[in-house]
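Heads up: the sequence lines are chains H and G, in that order. The UniProt record's numbering numbers the first residue of the first sequence as 1 and each following residue consecutively. The UniProt record's numbering numbers the first residue of the second sequence as 1 and each following residue consecutively.
Keep in mind that the hints were calculated from the coordinates and are not lab data. Keep in mind that a hint or two might mislead.
As a list, the in silico DSS-like pairs of lysine-lysine whose alpha-carbon atoms are at most 27 Å apart [claimed, not checked]:
| hint | chain 1 | residue 1 | chain 2 | residue 2 |
| --- | --- | --- | --- | --- |
| 1 | G | 350 | G | 361 |
| 2 | H | 129 | G | 12 |
| 3 | G | 350 | H | 129 |
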Amino acid sequence: MDSKITNSILYLDNVSVSFDGFRALNALSFVIEPGELRAIIGPNGAGKTTMMDIITGKTRPDQGEVYFDGAIDLTRKDEAEIAQLGIGRKFQKPTVFESHTIWDNLELALNRKRGVFSTLFYRLTTEDKARIEHILETVRLTARKNDYAANLSHGQKQWLEIGMLLAQEPKLLLVDEPVAGMTDAETSETALLLKDIAKTRSVVVVEHDMGFIRDLGVKVTCLAEGSVLAEGSIDFVSNDPKVIENYLGR
Amino acid sequence: MITEFLLSRHEKKTLVVAALILLAAILVPLANLLAPEGSLLHVPDHLVPLMGKYLCYALLALALDLVWGYCGILSLGHGAFFALGGYAMGMYLMRQIGPRGVYANPLLPDFMVFLNWKELPWYWTGFNHFWFAGLMVLLVPGLLAFVFGWFAFRSRVTGVYLSIITQAMTYALLLAFFRNEMGFGGNNGLTDFKDILGANIQAPETRATLFAMTALLLALSLILSSAIVRSKYGKVLIGVRDAESRTRFLGYRVENMKLFIFTVSAMMAGIAGALYVPQVGIINPGEFAPANSIEVVIWTAVGGRGTLIGPIIGAILVNFGKTIFTAAFPEFWLFALGALFIATTLFLPKGIVGTVMQGSKARAERQKAVAAEKGRTAAQPSQGAAAHETQAAE
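If we strip away everything but chain H, and leave its shape as in the complex, we get (with noise of 0.2 Å):
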């Protein structure tokens, strides 16, 4: 096997897919490391939202290759299988439970036993209590967190969203445009945040927002019509004509 499958968190080798003639994706491949924050920016229609379904596991690619933590393969599993093993996903719209208090939020987002009969006679240990302060603590919403989900501002949201991540203690989060909507004050800490939890894990972050790539100054991704169009520094891949010609606009 080849040694980048072992060593890498998120190994895609040639990954395609079409939904009804359209390819969605045309031959990507990218690897991520363990412990890495990564980047990806590029055009509507790149595919970036599909990418994030392929590794999920809610899209199954037509060809190629995903591998998670080494050597496990990632389109033979749906998506509980997929969070169990350790992939947290965020979603470009947030999506917390608006019916639910912050707490309980937090309490269906702990990594515990996921079965019907385990959830029905779970009992709120001292160990999860702290757990989920603490990550109420991070997540800035210890205040609200006998409020519903539904009465957040946008911004809370995503935070709660991210907390509900962490929560999942994932190995590889994936994290759609978590500053869209944010003011700029909410972006950078939001950036710090993002930064934050990248010492523990590795970070996918997908965003338009060319300041807040900035602020996280990690490498960078370009996607363009379903392939990697450059990838390295912020300034290096800003700086590629491609990807001013596909992307920035001159």
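Following the hints, put chain G in place on chain H, whose structure we already have.
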């Protein structure tokens, strides 16, 4: 573990309603059997099975609410589980008739003799025992729901498509049970019952006991449902209802979550049907009619889905209204029912109980806001603020 599970974390209003139902289980039979006729407290004989019938409907609506109100599965075929439970009980009651039937056949029910059948079909064996019939009341609807749900939820059939296939399921059963060859009495169904557990089914004492059993099982089901929906599993169900993909990406197997509650709910509907049949004295394929299942949805919507006590109140109120209305203006009942559903959807989308709860929640929020305001003024305490405080506390 199970008792601990049942006894934990109930809302006060759930316990109040359960207590009221239990009170009815004691008082109605007493008022029927002991209070002298003509006294104000007396409950006439014909009202006891009528109220029993309402409580069966309430149990059916509660079962529907578990899947619809808490998990977002709009079943338009719950009447099928109710009818299957009813048929299982009806088969027991048929076998109790014995040689007292018109044809006096000790083994075969009348309709089989009439069809010239010589032997009891294999699936009628065992139904002479009450325990066996009781088991089937749970198993048959439960198994059907399990198999149906297994395929539907695994294939991720949701929303209106699922509603349509549940409707098709009950319609298919309706057609099947109409056929004489099925061995369930064809379009006449099962009737002319004599005894249940050796007691005359027409006797006031039996009817009072049946009413008490219905109320007791309704109260127990309410407590069980409350324990389920307030557990972490119940929270997952609400998660599935509100954001199914989020639940899935958190690592929950949504199909298993749905399958469990769907099966539990079908069994509850089966119990409701089994209690219904001895009180109304007949079960026929009409119970499978799609319109019946849709009526259950209306009761639940009127009472307030996703509240547990809502569907109980809704089922009792709407059916009480139906009793009055069909006596006074029989030809207008369906119009009234339709109008009621439209009015509920437009003006009370959360149903009666949901709307009341929302109102009291809003009041609590306002009081909290007032209290917070008071906390700010308390920094410079004055007599006026103290007076304000006592007011807010009230």
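Going down the list of hints, with the structure as the test:
Among the hinted pairs, residue 350(G) with residue 361(G) is consistent with the structure: their alpha-carbon atoms are about 14 Å apart, no more than 27 Å. Restraint check for residue 129(H) and residue 12(G): satisfied, since their Cα atoms lie roughly 25 Å apart, inside the 27 Å limit. A C-alpha spacing of about 33 Å is found between residue 350(G) and residue 129(H), which places the hinted pair above 27 Å, so the restraint is violated.
Hint violations for this structure: number 3 only, all remaining hints satisfied.
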